[in-house]
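Number of protein chains: 2
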Amino acid sequence: MKKLEVCFTPDLLTYYPPEGKVVVVIDIFRATTTMVTALANGIKDITPVATLEECKALQNKGYLAAAEREGKMPEGFDLGNSPLSHKEQDFSGRQLAMTTSNGTLAITKSKTADQIVIGAFINISAVIKHLQNQSQDILLLCAGWKGRVNMEDSLFAGAVAYRLAKEVTIANDAAVMAMHLYQTHQADMEGFLKDGLHYHRLQRLGRAQDIEFCLKEDVYDLLPIYQQGILIAKA
Amino acid sequence: MKKLEVCFTPDLLTYYPPEGKVVVVIDIFRATTTMVTALANGIKDITPVATLEECKALQNKGYLAAAEREGKMPEGFDLGNSPLSHKEQDFSGRQLAMTTSNGTLAITKSKTADQIVIGAFINISAVIKHLQNQSQDILLLCAGWKGRVNMEDSLFAGAVAYRLAKEVTIANDAAVMAMHLYQTHQADMEGFLKDGLHYHRLQRLGRAQDIEFCLKEDVYDLLPIYQQGILIAKA
Numbered sequence: 001m002k003k004l005e006v007c008f009t010p011d012l013l014t015y016y017p018p019e020g021k022v023v024v025v026i027d028i029f030r031a032t033t034t035m036v037t038a039l040a041n042g043i044k045d046i047t048p049v050a051t052l053e054e055c056k057a058l059q060n061k062g063y064l065a066a067a068e069r070e071g072k073m074p075e076g077f078d079l080g081n082s083p084l085s086h087k088e089q090d091f092s093g094r095q096l097a098m099t100t101s102n103g104t105l106a107i108t109k110s111k112t113a114d115q116i117v118i119g120a121f122i123n124i125s126a127v128i129k130h131l132q133n134q135s136q137d138i139l140l141l142c143a144g145w146k147g148r149v150n151m152e153d154s155l156f157a158g159a160v161a162y163r164l165a166k167e168v169t170i171a172n173d174a175a176v177m178a179m180h181l182y183q184t185h186q187a188d189m190e191g192f193l194k195d196g197l198h199y200h201r202l203q204r205l206g207r208a209q210d211i212e213f214c215l216k217e218d219v220y221d222l223l224p225i226y227q228q229g230i231l232i233a234k235a
Numbered sequence: 001m002k003k004l005e006v007c008f009t010p011d012l013l014t015y016y017p018p019e020g021k022v023v024v025v026i027d028i029f030r031a032t033t034t035m036v037t038a039l040a041n042g043i044k045d046i047t048p049v050a051t052l053e054e055c056k057a058l059q060n061k062g063y064l065a066a067a068e069r070e071g072k073m074p075e076g077f078d079l080g081n082s083p084l085s086h087k088e089q090d091f092s093g094r095q096l097a098m099t100t101s102n103g104t105l106a107i108t109k110s111k112t113a114d115q116i117v118i119g120a121f122i123n124i125s126a127v128i129k130h131l132q133n134q135s136q137d138i139l140l141l142c143a144g145w146k147g148r149v150n151m152e153d154s155l156f157a158g159a160v161a162y163r164l165a166k167e168v169t170i171a172n173d174a175a176v177m178a179m180h181l182y183q184t185h186q187a188d189m190e191g192f193l194k195d196g197l198h199y200h201r202l203q204r205l206g207r208a209q210d211i212e213f214c215l216k217e218d219v220y221d222l223l224p225i226y227q228q229g230i231l232i233a234k235a
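For the record, the sequence lines run as chains A and B.
To convert, note that position 154 of the first sequence is 154 in the working numbering; the numbers rise steadily by one, no gaps.
To convert, note that position 22 of the second sequence is 22 in the working numbering; the numbers rise steadily by one, no gaps.
A hint or two may mislead.
Copies of one chain are not kept apart here, so a pair can be met inside one copy or by any two copies together.
[Claimed, not checked] Computed list of lysine-lysine pairs in PhoX-like fashion (alpha-carbon distance at most 20 Å, straight line): (1) K166 <-> K194; (2) K72 <-> K129; (3) K194 <-> K3; (4) K234 <-> K2; (5) K56 <-> K216; (6) K87 <-> K166; (7) K216 <-> K194; (8) K87 <-> K72; (9) K44 <-> K109; (10) K234 <-> K44; (11) K194 <-> K44; (12) K129 <-> K109; (13) K44 <-> K56.
If you are wondering where the hints come from, they were derived from the structure by calculation, not from laboratory data.
All chains, please: the whole structure from these sequences, using the hints.
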């Protein structure tokens, strides 16, 4: 059986080399939720970049530019990191450049993987189906928050592990912990997450609607896949 | 209220500077359990060292020398890392030098703390009582396994957070996660831990009795405290 491991933050990636694996990058609040939503609502492709400067440079070339630092949009960009902004306006056919505090960094750090895909609750079944059809070992990489472990990414990793538990070997303690957390709290994820720091941060910033959307399951049957530096919807 | 944070592995300690805090070092299987047992059974003091060479050097000066690598005792030492070895023989009055894969390293890495104490299920109430009587913020530092997160140390951190929850601010997501895991699995900790890698490792090595002992609560009313490079029983 193929192995499934969970890495709670990119800072621990050194123990889980991505080589030869399918890496699922997870940043529930909100980068990976936004990526799925953007592609589902007509964005042609997404270029994740590490810095604000790279994002600006692509904006100057005609890209739609989304940026987030400390939960907010720095000045001079077109969008922040709210998934809902892609539902409220029509950006069909545009190319999106995107930089966020955690999610885009997690992608950059796992570039040596055999394959990188993007996971969120809103496309969880598409993630599961894809993983079931691949033979490689699986690494669920939580983007975390500035290197720290967070609850929402761990919870999603647990949801994936829980759904695949009969078909894979759950291969590290973090995966077992995440799976148990999901198993216990699946019926009231928001109740569980309300003690989390990022939940509070988003509430303070007036993003309660984002939170609600980020916790919906299977809004889209779409899987973003990373190919030659860009994210596209898997055919 | 004072803050309580959990750090799942010493590799993430950079996000939780020990300065000004009481750090509880946690290595349930088995270093911190063994330290408590050793002091409770007459060892005068314990010198935790990072390398086998340092441990040997102290052995040559007359110390009792305990060493563990990969769960086993390397050749030429007096003891491995089993807490039970301190109950089976009388080492009263001896000084113990000790090096283990994870636990002693966690102590070394938190040396800038205001205070370092040693926690295990076998002395959990002594840990709680001590933390209640201190005004500093609290950092529960899981030794983990070679940098990785492990279930048993996280579970103990959760037990401490759970017991102190009304008197402290639970200040990071790892603490909330650990607390929930303990809350859900406190009635059958061994049932929960049997999916953990370290549990399997110890079972394979024939250390089932160690596991059982390591999960007993309040065998000793004793708190090891780190002072000037050695661990002694707190007066």
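Do the hints match the structure? See the list:
In this assembly of identical chains, K166 and K194 lie within 20 Å of each other by CA distance solely across copies; the values are 17 Å between and 30 Å within a copy. Neither within a single protomer nor between protomers do K72 and K129 lie at most 20 Å apart by alpha-carbon distance, with minima of 33 Å and 42 Å respectively. In this assembly of identical chains, K194 and K3 lie within 20 Å of each other by CA distance solely across copies; the values are 18 Å between and 31 Å within a copy. In the homo-oligomer, the alpha carbons of K234 and K2 never lie at most 20 Å apart, since the shortest distance is 22 Å inside one protomer and 49 Å across protomers.
When the C-alpha separation of K56 and K216 is checked against a cutoff of 20 Å, the pair qualifies neither within a copy, at 31 Å, nor between copies, at 58 Å. Taking CA atoms no more than 20 Å apart as the test, K87 paired with K166 passes in neither setting, with 36 Å inside one copy and 42 Å between copies. In this assembly of identical chains, K216 and K194 lie within 20 Å of each other by CA distance solely inside one copy; the values are 15 Å within and 32 Å between copies. With identical chains, the CA atoms of K87 and K72 are at most 20 Å apart within one copy only, with a shortest distance of 18 Å there and 58 Å across copies.
Taking the shortest Cα distances, K44 and K109 never come within 20 Å of each other, neither inside one copy (24 Å) nor across copies (48 Å). With identical chains, the CA atoms of K234 and K44 are at most 20 Å apart within one copy only, with a shortest distance of 12 Å there and 64 Å across copies. In the homo-oligomer, the alpha carbons of K194 and K44 never lie at most 20 Å apart, since the shortest distance is 34 Å inside one protomer and 47 Å across protomers. With identical chains, the CA atoms of K129 and K109 are never at most 20 Å apart, being 24 Å at best within one copy and 43 Å at best between copies.
In this assembly of identical chains, the alpha carbons of K44 and K56 lie at most 20 Å apart only when taken from the same copy (19 Å versus 64 Å across copies).
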